[in-house]
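Asks: Chains A and B are the protein sequences, given in the same order. Taking my numbering, I'd label the letters of the first sequence as residues 123 to 403. Taking my numbering, I'd label the letters of the second sequence as residues 117 to 433.
Quick caveat, the hints were computed from the structure, so don't treat them as lab data. Built from N, CA and C at the ideal position, the CB exists for glycine as well. Wrong hints could be hidden among the right ones.
Said to hold, decoys possible - Result set (DSBU-like, lysine-lysine): computed pairs, CA atoms no more than 35 Å apart in a straight line: (1) A/401 to B/133; (2) A/401 to B/429; (3) B/366 to A/401; (4) B/430 to B/132; (5) B/429 to B/132; (6) B/399 to A/401; (7) B/429 to B/133; (8) B/430 to B/392; (9) B/392 to B/254; (10) B/133 to B/366; (11) B/133 to B/392; (12) A/401 to B/392; (13) B/419 to A/401; (14) B/430 to B/133; (15) B/430 to A/401; (16) B/392 to B/429; (17) B/366 to B/399; (18) B/132 to B/392; (19) A/401 to B/132.
What the hints assert, rightly or not - The following label-pair restraints were derived from C-beta to C-beta distances: (20) A/297 to B/301: 14 to 20 Å; (21) A/336 to B/157: 56 to 62 Å; (22) A/297 to B/281: 39 to 45 Å; (23) B/274 to A/348: 54 to 60 Å; (24) B/129 to A/388: 42 to 48 Å; (25) A/348 to B/284: 46 to 52 Å; (26) B/382 to A/253: 38 to 44 Å.
Stated by the list, open to error - Just so you have them, the derived chain B footprint on chain A, three or more residues with Cβ under 8 Å: (27) 187 to 199; (28) 229 to 238; (29) 264 to 271; (30) 275 to 282; (31) 320 to 331; (32) 358 to 368; (33) 381 to 391.
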Amino acid sequence: MNRAWKAASKTVEETLKIVVLVKHVPDAQFDRHLSGEHNTTDRAESILSELDEYALEAALQLAEARGGEAAGNQVIALTMGPAAAVNAVKKALQIGAFSGVHLSDDALAGSDAAATSLALAAAVRHLGAEAPVDLVLTGMASTDGETSLVPAQLAERLGLPQVTFAATLDVAEGRITARRDGDAHSDTIEAPLPAVVSVTDQINEPRYPNFKGIMAAKKKKVATLSLADVGVDAAEVGHSGSLTVVESAEARPPRTAGTIITDEGDAGIQLVDFLAAQKLL
Amino acid sequence: MANVLVFIDNPGAALKKSSLELLTIASTLGDAAVVISGVLQDGAAAELGAHGISTVYVPSTRDLDDYLTGPKAAYLAAAVAASGASTVLLENSFDAKEIAGRLGIKLNAGVITDVVGVDADGTAHKSVLAGSYTTTAKSRTGVSVLTVKPNSVVPAEPVGEGTPEIVTVEVPADAAANAARITGRTEKPASGRPELTEARVVVAGGRGVDGDFGPLEELADVLGGAIGASRAATDAGWIGHDAQVGQTGKTVSPQLYISAGISGAIQQKSGMQTSKVIVAVNKDAESPVFEIADFGIIGDLFKVLPQATEEIKKRRG
Ligand SMILES: Cc1cc2nc3c(=O)[nH]c(=O)nc-3n(C[C@H](O)[C@H](O)[C@H](O)COP(=O)(O)OP(=O)(O)OC[C@H]3O[C@@H](n4cnc5c(N)ncnc54)[C@H](O)[C@@H]3O)c2cc1C
Ligand SMILES: Nc1ncnc2c1ncn2[C@@H]1O[C@H](COP(=O)(O)O)[C@@H](O)[C@H]1O
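If we strip away everything but chain A, and leave its shape as in the complex, we get (with noise of 0.2 Å):
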């Protein structure tokens, strides 16, 4: 475990280091591609992950009820990416994130979930060397991998209380309570800070960046960070680190519509006959 971690549990009225997880993805409402010859995924049209919104949503909520930036919280947004992704900062400071930390190195690039990790683990490290890190926030899963890997990996390589799939989500005395919702039933989790907690679309409602906001993140810092700043060797990361290879990767014909009618008194019928046809009655 990282000595950074060795914090003594937190008292009530003390203030939060808040580590967001936002990644740069491709925009769902175009068509996506992989491509190449590691089938990776094209980047063009790329946006910050509209679930990785909803973690930053909760940062900044956590930091405002403890009087925000002013009082000394801190909410980084944290992207690895190539250079593009530093767009993804870039939305996060529009939308309230009060610093940004972009780790770029081109031997990053088709990094899998354990590599991404690795990467992630090192940053985050990083950032807790002065002062160290209470939570890192991420989303449910990303948008393009969707393994929702990362979060689970970055708790264990953190040696950290992983808290996932947070519905809600609350920090008191140094100590975070979420509920998580399964199939059969419903829990609350409590664990210490520091902490890695990941959470769903169902914890809240993510603001959109307003005027003024667009206009505070010009002035906002987005530090770089290369894989030697935070003590990442290029062989554990990208296609030489990852645990993981995409072989192949086939487009699959699009669905294509079928027979579209209009109700005139007898579809439902239709409908169990096309059902006939099919054998699926």
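Since the structure of chain A is already known, use the hints to place chain B with the ligands on it.
Replies: Below, chain B with the ligands alone, put in the same frame as chain A:
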């Protein structure tokens, strides 16, 4: 020594369909053993034996369920070491994916989620980008960890009778250090319908049902189906969040998906467009759902669905 290890989280008295599917895949990959959390009950033990499982690893403690995923991953890592397995199969639930993820870090093993098929050489098949691509992926490490989606294979029939040997695996002493605790649990009432992700038929409703899932439930019941919903319907509180299909809900690929009063937003489509047959009922001819429907009805769901239900009942006498 087994080369494939199947993890079953709290098997209970009888194995779930998804667990049988994992056993079926495991049997195509070599010599399979099973590792469970919780207590091995007689019924489950007999079923495992009947499916040719000769070894079941059980944990030395019962309190793994008091924590969120981390300790289970630590226990599973110990079981992998005990079994000598090079492939670990888990289901594709949120919990199982996280256990897989943490196990992957512990063992430096590649993890592949959302798998729909596994070749004999360990190549995993999955669909990505909301079903718009199919990919094959492989682990580059000695151990590979795969989480497999339900309905990926037809579960094999039992092969005979047998009593598996039970081997206790010591849960590492520090497994629960730094783990989040589960301090409260509210059980949800069971619907009596099939599990959404496993169902052959899903009847899903959106804002268009306007608070009344009755006609959908009646149709689902004559078809033996599960009920799904759009986020608009779950957000409105008309039905539980666990019924939500889509990007932030369940991904389903049933034989038949009947979409009623759902417009077909991208986040909804990403959870259902790999369904075999899609039927859409919507008042608005311009709804994007019609672009992916095999059979689309421009009409009022409150007329079309009850008529279909009656017709099915009539034809079945
Ligand atoms: C981050 C994020 C995640 C999301 N995740 C999901 C998700 O997982 N799943 C999901 O579904 N959505 C998700 N959404 C929401 C999604 O974008 C849409 O808003 C939602 O799917 C719309 O639900 P709907 O189709 O029921 O409602 P609407 O878009 O309002 O459509 C209702 C439809 O019902 C039709 N209708 C009305 N009355 C009748 C009638 N009597 N008979 C027949 N048709 C009728 C109307 O013509 C209309 O097409 C997500 C959104 C975001 C931002
Ligand atoms: N490259 C990345 N940069 C920043 N955050 C990431 C990155 N990849 C994943 N994450 C975070 O991890 C969450 C889950 O992603 P995933 O495991 O890929 O589904 C996302 O919602 C992000 O918060």
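Asks: Would you mind marking each hint as holding or not holding in the structure?
Replies: Do the hints match the structure? See the list:
A threshold of 35 Å between alpha carbons decides the hint, and for residue 401 of chain A with residue 133 of chain B the separation of about 23 Å falls inside it, so the pair holds. Under the criterion of a C-alpha separation no larger than 35 Å, the hint pairing residue 401 of chain A with residue 429 of chain B is consistent with the structure, at around 16 Å. A hinted pair counts as satisfied when its Cα atoms are at most 35 Å apart, and residue 366 of chain B with residue 401 of chain A qualifies at roughly 25 Å. Between residue 430 of chain B and residue 132 of chain B, the direct Cα distance comes to roughly 33 Å. Compliance with the 35 Å bound is thereby established for this hinted pair.
With a C-alpha separation of about 30 Å, the suggested pair residue 429 of chain B and residue 132 of chain B falls inside the 35 Å cut-off, and the hint holds. Note on residue 399 of chain B and residue 401 of chain A: the hinted pairing holds, with a Cα-Cα distance of about 26 Å set against a maximum of 35 Å. With a C-alpha separation of about 28 Å, the suggested pairing of residue 429 of chain B with residue 133 of chain B holds against the 35 Å cut-off. For the hint pairing residue 430 of chain B with residue 392 of chain B, the CA-to-CA distance comes to about 26 Å; that is within 35 Å, so the pair holds.
For the proposed pair residue 392 of chain B and residue 254 of chain B, the alpha carbon gap of about 26 Å is at most 35 Å, so the pair holds. As the CA atoms of residue 133 of chain B and residue 366 of chain B are separated by approximately 17 Å, the hinted pair is consistent with the 35 Å bound. Restraint check for residue 133 of chain B and residue 392 of chain B: the C-alpha separation of about 20 Å stays at or below 35 Å, so the hint holds. Taking the CA atoms of residue 401 of chain A and residue 392 of chain B, the gap is near 12 Å; set against the 35 Å cutoff, the hint holds.
A threshold of 35 Å between alpha carbons decides the hint, and for residue 419 of chain B with residue 401 of chain A the separation of about 23 Å falls inside it, so the pair holds. Restraint check for residue 430 of chain B and residue 133 of chain B: satisfied, since their Cα atoms lie roughly 31 Å apart, inside the 35 Å limit. Note on residue 430 of chain B and residue 401 of chain A: the hinted pairing holds, with a Cα-Cα distance of about 17 Å set against a maximum of 35 Å. As the CA atoms of residue 392 of chain B and residue 429 of chain B are separated by approximately 24 Å, the hinted pair is consistent with the 35 Å bound.
Pair hint residue 366 of chain B plus residue 399 of chain B holds up; C-alpha atoms about 25 Å apart against a cutoff of 35 Å. Only pairs whose Cα atoms come within 35 Å are accepted, and residue 132 of chain B paired with residue 392 of chain B is accepted, the gap being roughly 23 Å. The suggested pairing of residue 401 of chain A with residue 132 of chain B holds, with an alpha-carbon distance near 26 Å, which does not exceed 35 Å. A C-beta distance of roughly 18 Å is found between residue 297 of chain A and residue 301 of chain B, which places it inside the suggested range of 14 to 20 Å.
At about 59 Å, the CB distance of residue 336 of chain A to residue 157 of chain B agrees with the hint of 56 to 62 Å. At about 43 Å, the CB distance of residue 297 of chain A to residue 281 of chain B agrees with the hint of 39 to 45 Å. Checking the proposed 54 to 60 Å range against residue 274 of chain B and residue 348 of chain A shows it holds: the Cβ atoms sit about 57 Å from each other. In this structure the supplied range 42 to 48 Å holds for residue 129 of chain B paired with residue 388 of chain A, their Cβ-Cβ distance being about 47 Å.
Between residue 348 of chain A and residue 284 of chain B the CB atoms are about 48 Å apart, so this pair conforms to the stated range of 46 to 52 Å. Checking the proposed 38 to 44 Å range against residue 382 of chain B and residue 253 of chain A shows it holds: the Cβ atoms sit about 41 Å from each other. Using a Cβ-Cβ cut-off of 8 Å, 0 residues of the region 187 to 199 of chain A lie near chain B, which falls short of the minimum of three, so the contact claim is violated. For the region 229 to 238 of chain A, the stated coverage by chain B is satisfied: 3 residues place a CB nearer than 8 Å to a CB of that chain, which reaches the threshold of 3.
Note: the region 264 to 271 of chain A has 6 residues with beta-carbon separation from chain B under 8 Å; the three-residue rule is met and the coverage holds. With 6 residues having a Cβ less than 8 Å from any Cβ of chain B, the region 275 to 282 of chain A passes the three-residue criterion, so the hint holds. For a cut-off of 8 Å, the count of residues in the region 320 to 331 of chain A with a CB near a CB of chain B stands at 3, and the three-residue condition holds. Only residues whose C-beta sits within less than 8 Å of a C-beta in chain B count toward coverage, and the region 358 to 368 of chain A has 5 of them, enough to reach three; the restraint holds.
Closer than 8 Å: that is the beta-carbon criterion, and the region 381 to 391 of chain A has 9 residues meeting it against chain B, so the requirement of 3 holds.
In this structure, the one hint that does not hold is number 27.
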